[in-house]
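Asks: So the sequences go chain by chain: A and B.
The first sequence stops at residue 649 when you use our numbering, and every number in between is there.
The second sequence stops at residue 89 when you use our numbering, and every number in between is there.
The hints are simulated quantities; they were obtained by calculation from the structure and are not laboratory data.
If you're wondering where the values come from, they're calculated on a predicted model, not measured in any experiment.
Glycine is no exception: its CB is placed at the ideal position from the N, C-alpha and C atoms.
There could be a bad hint or two in this list.
Restraint ranges, calculated between C-beta atoms of paired labels, are given here [claimed, not checked]: (1) B:Ala30 with A:Ala390: 25 to 35 Å; (2) A:Ala327 with B:Ser4: 43 to 53 Å; (3) A:Ser583 with B:Ser84: 41 to 51 Å; (4) A:Asn295 with B:His57: 25 to 35 Å; (5) B:Ala76 with A:Ala454: 33 to 43 Å; (6) B:Ala11 with A:Pro406: 34 to 44 Å; (7) A:Arg442 with B:Asp21: 22 to 32 Å; (8) A:Asn295 with B:Ala83: 36 to 46 Å; (9) B:Ser4 with A:Arg600: 21 to 31 Å; (10) B:Ala76 with A:Pro190: 51 to 61 Å; (11) A:Tyr405 with B:Ala30: 51 to 61 Å; (12) A:Gln331 with B:Ile85: 36 to 46 Å; (13) A:Ser226 with B:Ser84: 52 to 62 Å; (14) B:Phe80 with A:Pro190: 12 to 22 Å.
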Amino acid sequence: MCGIAGFFGQPPNGAAAVLADMIGAVRHRGPDASGIHIKETAGLAHARLSIIDIASGQQPMRTADDELSITFNGEIFNYVELKTELERHGHIFRTASDTEVILHAYRQWDVDCVSRFNGDFAFALHDARQRRLFASRDRMGVRPFFFTRQGRCIYFASEIKALLTVPGITAEIDPIALDQIFTFWCPLAPRTGFKGIEELEPGHRLIAESDRLVCEPYWRLTYPRSGEEEEDRRSEPEIREELRALLLDATELRLRSDVPVGAYLSGGLDSSIITAAVKHIRSDRLRTFSVTFDNAEFDETAFQNEMVAALGTAHSAVATTPADIGALFPQVIKAAERPILRTAPAPLHRLSALVRDEHFKVVLTGEGADELFAGYDIFKEAKIRRFIAAQPQSSRRPLLLRKLYPYLPRLAGQSQTYLESFFGARPGDETDPLFSHLPRFRNTASAKMFFSGALKAELGGYDALADLRDRLPADFPRWHPLSQAQYLEAGLLLPGYILSSQGDRAAMANAVEGRFPFLDHRVVEFAARIPPRFKMRALREKHILRDAFQDLLPKTIANRIKQPYRAPDAPSFSGPDAPAWVSDTLATDRVRDAGLFEPRAVEKLMTKCNSGRPLGFKDNAALVGIVSTQLWHDMFTKQAAQPPARKIA
Amino acid sequence: MTDSTESRIRAFIQDNFLFADNLDAFANDASLIEAGVIDSTGVLELVSFLESDFGIHIADADIVPENLDSIASISAFVRFKQASIASVA
Chain A
1 MCGIAGFFGQ
11 PPNGAAAVLA
21 DMIGAVRHRG
31 PDASGIHIKE
41 TAGLAHARLS
51 IIDIASGQQP
61 MRTADDELSI
71 TFNGEIFNYV
81 ELKTELERHG
91 HIFRTASDTE
101 VILHAYRQWD
111 VDCVSRFNGD
121 FAFALHDARQ
131 RRLFASRDRM
141 GVRPFFFTRQ
151 GRCIYFASEI
161 KALLTVPGIT
171 AEIDPIALDQ
181 IFTFWCPLAP
191 RTGFKGIEEL
201 EPGHRLIAES
211 DRLVCEPYWR
221 LTYPRSGEEE
231 EDRRSEPEIR
241 EELRALLLDA
251 TELRLRSDVP
261 VGAYLSGGLD
271 SSIITAAVKH
281 IRSDRLRTFS
291 VTFDNAEFDE
301 TAFQNEMVAA
311 LGTAHSAVAT
321 TPADIGALFP
331 QVIKAAERPI
341 LRTAPAPLHR
351 LSALVRDEHF
361 KVVLTGEGAD
371 ELFAGYDIFK
381 EAKIRRFIAA
391 QPQSSRRPLL
401 LRKLYPYLPR
411 LAGQSQTYLE
421 SFFGARPGDE
431 TDPLFSHLPR
441 FRNTASAKMF
451 FSGALKAELG
461 GYDALADLRD
471 RLPADFPRWH
481 PLSQAQYLEA
491 GLLLPGYILS
501 SQGDRAAMAN
511 AVEGRFPFLD
521 HRVVEFAARI
531 PPRFKMRALR
541 EKHILRDAFQ
551 DLLPKTIANR
561 IKQPYRAPDA
571 PSFSGPDAPA
581 WVSDTLATDR
591 VRDAGLFEPR
601 AVEKLMTKCN
611 SGRPLGFKDN
621 AALVGIVSTQ
631 LWHDMFTKQA
641 AQPPARKIA
Chain B
1 MTDSTESRIR
11 AFIQDNFLFA
21 DNLDAFANDA
31 SLIEAGVIDS
41 TGVLELVSFL
51 ESDFGIHIAD
61 ADIVPENLDS
71 IASISAFVRF
81 KQASIASVA
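If we strip away everything but chain A, and leave its shape as in the complex, we get (with noise of 0.2 Å):
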């Protein structure tokens, strides 16, 4: 794990300071060693997090004739049987470094090497005799690949902060960019932000040559026809059967590190399923980490508790409030250079600071589950809908949305009119393909009645909605409403937000690698396969899943409802705990200035946060929303790029 960048094209002025200045600016990513590498029009720079071949890993690689180099942040994890492969080809390695295996695997089978791999990548590997770079990034979007277009030169990083430090590219806010993060919670790819600066969507590569540059998909999420699920002709018992040894294969195969490998426990199903797993594989103690909150409604430490006992993993948490939240919160949307809409990010900043600070570099997590098995209550949300929907007459049916949230008392406590108010659906939503997720959008875009008469009119009649409809895949319309359901969320929300935000970025803050054996591409596909009964059995959530590892778990948390993560938003930025800067950033001559939110409705909102009143979910996300949003303009628009120290090893 490491920080990447680089230029292809028409060298700049200074090449290889601009190069030292670009890899300093994400030297947090790799603080173990950095190098650069400049042959004719390429420029390679790279910041080390030492994992795999700590000796002789050392990057920009090249290979033995000069020919190929590579600059590569991530883990190709099936290395030690690619490398195998490729010695019968005849290929010969000079080192045990994964790293290496792309350059030769590159030489063996061109661009269609990246289909080979099973990893977490991002990569740039410049081959000079074709006068060609070549990126690309792995299936689920674990690992980050900006880049931007400056004349006849691209530029490209790890994060988009390595490509302001570069003279003439500038941060401007993409409205609609804007407009997407507060609807869906992320911009949709390429987009980032920023106008003029994309990121390298997951599964593709991307091929540059003299004045061309193709984007291209290697991989897609994709899933079976409704009804024709390639698993319907087995039984369950089979199918949980292959599912348990391909998680426990991907699980092992994630332990590959020449340094310790830690894991996060929640005290969820999901990555205690993970930690279960390790401890099954292999027997010795397994350093355990986690958060934990002094409020009761987010706190899971009861089910830490457990799991740590039945396991005998040696752990440690970090505690965190609102308070610490606030402190943190700039440094995570410097981190993000995004705005976001929820606060949930930061305190997994100070886990990986934790972990960092037990002198761990990797951990493994459970994430990606609750996104290939069904387990967010949105696809019980959804499928109760639907039923509802299906018999609108019905007295009955409505009384399933009860089931819906139990974890957030205030909308348990309403009356029934008022949850079928709430979940029922408009006219037209059935036949609409974003049914699943339409309440949870309009929810969040209801935040936008913030964005300043100026920014509205500069995003005339945008429709984020009516964009991502037709974005959609052309089979999606055949897909089951919950294959459908799913793939908004793991193909939106996870890269989007999940493992960038919440996962890469926040982790690599503190420079420790998150590995994900739920997003083993192996296991990804095989859910997707997986009938969609057998994801969520009656409003079983992970039914599969539960089933699949139950033996290796206490019955508590095999049997134990989804809690999904959360941490205090409002409170972090209101009250009289407040941290000081919430009122400079928020003051109104900032606000105008910014020109993005309407300062006296800002004003408005900041009055009933502090009013000590129970506040809503659109209340908490807004605030988060401007706030994050007013910090980040203010970090990435008004300050010029700090220049980052030039230290190259």
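Chain B: place on chain A using the hints.
Replies: Quick look at chain B alone, frame taken from chain A:
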């Protein structure tokens, strides 16, 4: 009386749900749910405001959209409740 009730309710909704000063364009009979103005917590906020500012008691059975989903329906509901109190007194 009527104007005052409606204007107080409108002011509360403007300050707490719409976050604006003058939104005359928001019709008295517009649905607060359909317009995305009110969510589950908002219903409880509204009930708390009506009870404290108008001195009425709202039973659980009264907390339904028919009574509380527009400025007009809320105003009518408050007037009905106040009249009930007056007739009992």
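Asks: Now, for every hint given, state plainly whether the structure supports it.
Replies: So, going through the hints one by one against the coordinates:
no.	hint	in the structure
1	B:Ala30 with A:Ala390: 25 to 35 Å	29 Å, holds
2	A:Ala327 with B:Ser4: 43 to 53 Å	45 Å, holds
3	A:Ser583 with B:Ser84: 41 to 51 Å	45 Å, holds
4	A:Asn295 with B:His57: 25 to 35 Å	31 Å, holds
5	B:Ala76 with A:Ala454: 33 to 43 Å	39 Å, holds
6	B:Ala11 with A:Pro406: 34 to 44 Å	35 Å, holds
7	A:Arg442 with B:Asp21: 22 to 32 Å	25 Å, holds
8	A:Asn295 with B:Ala83: 36 to 46 Å	43 Å, holds
9	B:Ser4 with A:Arg600: 21 to 31 Å	24 Å, holds
10	B:Ala76 with A:Pro190: 51 to 61 Å	52 Å, holds
11	A:Tyr405 with B:Ala30: 51 to 61 Å	27 Å, violated
12	A:Gln331 with B:Ile85: 36 to 46 Å	55 Å, violated
13	A:Ser226 with B:Ser84: 52 to 62 Å	54 Å, holds
14	B:Phe80 with A:Pro190: 12 to 22 Å	56 Å, violated
This entry does not satisfy hints 11, 12, 14, going by the numbered hints stated previously.
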